[in-house]
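**Student:** The lines below spell out each chain.
Number of protein chains: 2
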Amino acid sequence: MRITLAARPVGFPKVSDFELGYAQRPTPKARQVLVRLIYLSLDPWLRSSMGGQESPHLPPIQLGELLPAHAVGHVVKSEDPDFREGDVVEGLLGWQEYAVVAGAELRKLDPNLAPISTALGVLGMPGLTAYFGLLDVGDLQPGETVLISGAAGGVGMLAGQIAKIRNCRVVGAATTEARTSWLCDELGFDAAFTTNNGGVLRDKLEASCPDGVDVYFDNVGGEVTDEAMCLLNEKARIVVCGQDSQDNLEKPEPGPRWLHRLIAKQARIQGFVVSSYSRLFSEGRAQLARWLHEGRLKNHEEVAQGLATAPQAFIGMLQGKNLGKQLVQVGERYRSPSL
Amino acid sequence: MRITLAARPVGFPKVSDFELGYAQRPTPKARQVLVRLIYLSLDPWLRSSMGGQESPHLPPIQLGELLPAHAVGHVVKSEDPDFREGDVVEGLLGWQEYAVVAGAELRKLDPNLAPISTALGVLGMPGLTAYFGLLDVGDLQPGETVLISGAAGGVGMLAGQIAKIRNCRVVGAATTEARTSWLCDELGFDAAFTTNNGGVLRDKLEASCPDGVDVYFDNVGGEVTDEAMCLLNEKARIVVCGQDSQDNLEKPEPGPRWLHRLIAKQARIQGFVVSSYSRLFSEGRAQLARWLHEGRLKNHEEVAQGLATAPQAFIGMLQGKNLGKQLVQVGERYRSPSL
Numbered sequence: 323m324r325i326t327l328a329a330r331p332v333g334f335p336k337v338s339d340f341e342l343g344y345a346q347r348p349t350p351k352a353r354q355v356l357v358r359l360i361y362l363s364l365d366p367w368l369r370s371s372m373g374g375q376e377s378p379h380l381p382p383i384q385l386g387e388l389l390p391a392h393a394v395g396h397v398v399k400s401e402d403p404d405f406r407e408g409d410v411v412e413g414l415l416g417w418q419e420y421a422v423v424a425g426a427e428l429r430k431l432d433p434n435l436a437p438i439s440t441a442l443g444v445l446g447m448p449g450l451t452a453y454f455g456l457l458d459v460g461d462l463q464p465g466e467t468v469l470i471s472g473a474a475g476g477v478g479m480l481a482g483q484i485a486k487i488r489n490c491r492v493v494g495a496a497t498t499e500a501r502t503s504w505l506c507d508e509l510g511f512d513a514a515f516t517t518n519n520g521g522v523l524r525d526k527l528e529a530s531c532p533d534g535v536d537v538y539f540d541n542v543g544g545e546v547t548d549e550a551m552c553l554l555n556e557k558a559r560i561v562v563c564g565q566d567s568q569d570n571l572e573k574p575e576p577g578p579r580w581l582h583r584l585i586a587k588q589a590r591i592q593g594f595v596v597s598s599y600s601r602l603f604s605e606g607r608a609q610l611a612r613w614l615h616e617g618r619l620k621n622h623e624e625v626a627q628g629l630a631t632a633p634q635a636f637i638g639m640l641q642g643k644n645l646g647k648q649l650v651q652v653g654e655r656y657r658s659p660s661l
Numbered sequence: 323m324r325i326t327l328a329a330r331p332v333g334f335p336k337v338s339d340f341e342l343g344y345a346q347r348p349t350p351k352a353r354q355v356l357v358r359l360i361y362l363s364l365d366p367w368l369r370s371s372m373g374g375q376e377s378p379h380l381p382p383i384q385l386g387e388l389l390p391a392h393a394v395g396h397v398v399k400s401e402d403p404d405f406r407e408g409d410v411v412e413g414l415l416g417w418q419e420y421a422v423v424a425g426a427e428l429r430k431l432d433p434n435l436a437p438i439s440t441a442l443g444v445l446g447m448p449g450l451t452a453y454f455g456l457l458d459v460g461d462l463q464p465g466e467t468v469l470i471s472g473a474a475g476g477v478g479m480l481a482g483q484i485a486k487i488r489n490c491r492v493v494g495a496a497t498t499e500a501r502t503s504w505l506c507d508e509l510g511f512d513a514a515f516t517t518n519n520g521g522v523l524r525d526k527l528e529a530s531c532p533d534g535v536d537v538y539f540d541n542v543g544g545e546v547t548d549e550a551m552c553l554l555n556e557k558a559r560i561v562v563c564g565q566d567s568q569d570n571l572e573k574p575e576p577g578p579r580w581l582h583r584l585i586a587k588q589a590r591i592q593g594f595v596v597s598s599y600s601r602l603f604s605e606g607r608a609q610l611a612r613w614l615h616e617g618r619l620k621n622h623e624e625v626a627q628g629l630a631t632a633p634q635a636f637i638g639m640l641q642g643k644n645l646g647k648q649l650v651q652v653g654e655r656y657r658s659p660s661l
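Line by line, the protein sequences are chains P and R.
For the first sequence, this note's numbering begins at 323 and goes up steadily by one.
For the second sequence, this note's numbering begins at 323 and goes up steadily by one.
A hint or two may mislead.
Note that identical chains are pooled: a pair holds if it fits in a single copy or bridges any two copies.
Unchecked claim - Mimicking DSS-like on lysine-lysine, the simulated pairs with C-alpha atoms at most 30 Å apart in a straight line are: (1) K336 with K587; (2) K643 with K557; (3) K557 with K587; (4) K620 with K573; (5) K399 with K336; (6) K557 with K573; (7) K643 with K351; (8) K336 with K620.
Please keep in mind that the hints were generated in silico from the structure rather than gathered at the bench.
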C-alpha cells in the first residue's frame with residue numbers, strides 16, 4: 323500500500339486529497355535497500371509541500387506523487403554491504419509499506435539505545451529542530467523568558483523542556499486547556515495559555531510573561547505571533563520554525579504590521595531549517611539522548627494504527643488534536659528472518 | 323525662539339501640533355556650554371517621539387516639551403574648559419535658537435575638514451546609520467542585490483551609495499519619478515522604482531531585482547516591505563531602520579502575513595538603532611569622511627530657512643517632499659567674537 327497526492331488541499335486537507343493505492347513490492351538494485359516501514363512520522367511541513375509551496379524540507383510534490391515523510395523501518399533485503407536483513411533504519415521513506423532507497427540515504431539505529439520511534443521524535447528531526455532552533459538560532463540564555471507557540475506539538479514540547487533544562491522561564495501557547503494543563507503538569511512549563519478558547523490573547527500573554535519575552539520560538543504564526551511582537555524585550559530573538567496556522571487558510575489573512583516594534587528593541591527574527599545544521603546532528607542527538615536517559619526530557623507520542631489511517635491522523639494533527647509527536651504504525655517490528 | 327509639542331499628531335503632523343515660543347537666553351552653569359544653533363537636523367524618528375511611542379533614540383516627549391533634534395551650532399559662552407567661544411559643536415540641542423548643554427554631551431567639529439552641516443548628515447547619525455546598518459547589521463557582501471526603501475531620504479541615499487562602493491547591485495524605492503531619476507542619474511543606483519505613482523508594485527520590484535534581494539534596508543515599511551519579502555534570496559538579511567510609512571497612519575493598517583517566507587530562505591530580520599554602535603562611531607566617521615573627500619559619496623541637503631519654518635519642513639519631509647538630508651538653518655555661522 324502507498325498513499326499519493328490526489329488533489330492539492332484547499333484549506334485544511336480532506337481525506338479525498340489522498341489516494342490509497344497498491345504497488346508491487348519493489349526490488350532493490352546495487353547499493354539499494356528494501357525497507358518495510360514500522361513507524362511513519364507526520365510533520366506539519368508536509369502541508370506546504372502538498373499545497374505546492376516551497377517547503378524548507380523538500381521541493382513541492384506533484385499530483386499523483388508519493389507523499390514524503392521520515393519513517394523508521396527494518397531492512398528486508400539489502401544490496402548495500404553496509405546493511406543487512408533486520409537492521410532498523412531511519413530515512414525519508416514516504417507514505418508506503420515498502421520503500422527502496424539507497425543505503426547511503428539511510429541511518430542505522432541501535433534499538434538498544436532508545437525506542438526506535440524516538441528516531442522520528444526526540445532523537446530525530448523534531449528534537450534536532452528544537453535543540454538547534456532554541457539554543458543556536460535563538461541563542462537562549464539562562465534565566466530568560468521563552469515563549470513557544472504550538473507548544474504541545476512534536477517540536478514545541480521538546481523546545482519547552484530544553485528551555486527548562488537551561489533554567490529559563492518557559493511559557494507555552496496551545497489550542498486547548500487539556501494541552502496547557504499537560505504542558506504545566508507533565509512537562510514542567512512555568513505557564514501556558516490557550517489560543518482558541520476565548521479570552522483576550524494579549525491579556526493571557528501578558529499575564530504569562532510578566533517580564534516580557536526574550537526568545538519566541540514560533541511554530542504557528544498568526545495572532546499569537548502578532549501579540550508576542552508587542553511583548554519583546556530588548557535584543558529579543560524570534561525563531562521562525564513553522565507558521566502552521568497560515569498553511570491551512572483558503573485565503574491568506576492579513577494581520578497587523580509590527581515591524582516597527584523591532585527597531586527600538588533591536589530584536590531579530592530568524593527563519594531556519596534544521597537541515598542547515600546537518601554536520602552537527604550527531605552532537606545534537608548525543609545531547610538529546612543523554613537528557614532522555616537522565617529523564618530530563620520526556621517523550622510523548624500518539625500512534626495511529628495502520629497506513630490507511632495516516633490521512634485522518636495527519637488532518638487531526640493539523641487541527642491540533644494530537645498531544646506530542648504524531649506517528650503512524652505501518653507495520654510490526656522485525657521478529658524473524660523468514661520474511 | 324523655541325518650538326515645543328502643542329498636541330500629539332493624529333496622522334500626519336499639522337503645523338498646529340507645534341508651538342513657537344520665546345525664552346530667555348539661558349545661562350550656562352559649571353561644565354555647561356551655551357550654544358547658538360546654526361543647523362537643525364530633521365529626522366523621521368521624531369514623529370514617533372511626538373506620538374508618544376517609544377523611539378529608538380529618545381523617550382517619548384510630553385506635551386509642552388521642547389522638540390528634540392540633533393543640531394550644529396557655535397559656542398557663545400562656555401563654563402567647560404574643553405570648549406571656548408566660537409567652537410563649532412554638534413549635539414542633541416533641540417528645536418531652539420540657544421541651548422545650554424553639558425560640554426560632555428557635545429562633539430567639537432573641525433570646520434576645515436568638511437562643511438559643518440555634514441555633521442548632521444553624511445558624517446552624522448544618518449551616515450553612521452547607513453554605514454553600520456548596511457555593512458554590519460546587513461552583513462553586505464560584494465555582488466549582492468541591495469534594495470533600499472526611502473532611498474532618496476537622508477539615510478537611504480547614503481546606504482545606496484555605500485552599497486555601490488561595495489560593488490553591489492543597488493535598487494532604490496522612492497515616492498516620485500523625480501527622485502528615482504535622481505537616484506540613478508546622480509547617485510549611481512542601478513535601478514529605482516516609484517511606490518506612489520501607480521503600477522503594480524510587485525512587477526516593478528521584480529523588474530528591478532531580477533536576481534532577487536539579498537539585503538533589504540528598510541526605512542519605510544508597508545507595501546514595499548510586504549512585496550520585498552516575496553523576493554528574498556536564501557539567507558537574505560532585512561535591516562529594519564525605520565517604518566516611516568506606518569508612523570503617520572491614524573489607524574494602523576493591516577498587511578499580509580509573510581513570516582512563513584523566512585523559513586525556507588533562512589532569512590533574518592534585524593531591528594537596530596545606531597546608538598548601539600557608539601564605540602565604533604569614530605571609525606565609521608573616518609571611513610565616511612574618506613569616501614566623501616574622494617568624491618565616492620555624494621552629499622545632498624535641502625535647507626529650510628529659519629527655525630519658524632521647521633514645522634512645515636518637517637511635515638514636508640514626512641510626506642517625502644525633500645531630496646536627501648533635510649536641515650533647517652537656524653542661525654548664521656559665528657563670525658566675530660563680539661556676540
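**Student:** For each hint, tell me whether it holds in the structure or not.
**Tutor:** Evaluation of the provided hints:
Proximity of K336 to K587 under the C-alpha cut-off of 30 Å is restricted to the inter-copy arrangement: shortest distance 29 Å between copies versus 42 Å within a copy. For the identical chains of this complex, K643 and K557 are neighbours neither inside a copy (34 Å) nor across copies (34 Å), given an alpha-carbon limit of 30 Å. In the homo-oligomer, the alpha carbons of K557 and K587 lie at most 30 Å apart both inside one protomer (6 Å) and across protomers (22 Å), since each shortest distance falls under that limit. For the homomeric pair K620 and K573, neither the shortest alpha-carbon distance inside one copy (37 Å) nor that between copies (46 Å) is at most 30 Å.
When the C-alpha separation of K399 and K336 is checked against a cutoff of 30 Å, the pair qualifies neither within a copy, at 35 Å, nor between copies, at 79 Å. Within a single copy, K557 and K573 get their C-alpha atoms only as close as 33 Å, which misses the 30 Å cut-off; across copies the closest is 27 Å, which meets it. Within a single copy, K643 and K351 get their C-alpha atoms no closer than 41 Å, and across copies no closer than 70 Å, so neither meets the 30 Å cut-off. In this homomeric assembly, K336 and K620 never come within 30 Å of each other (Cα to Cα): the closest approach is 32 Å inside a single copy and 60 Å across copies.
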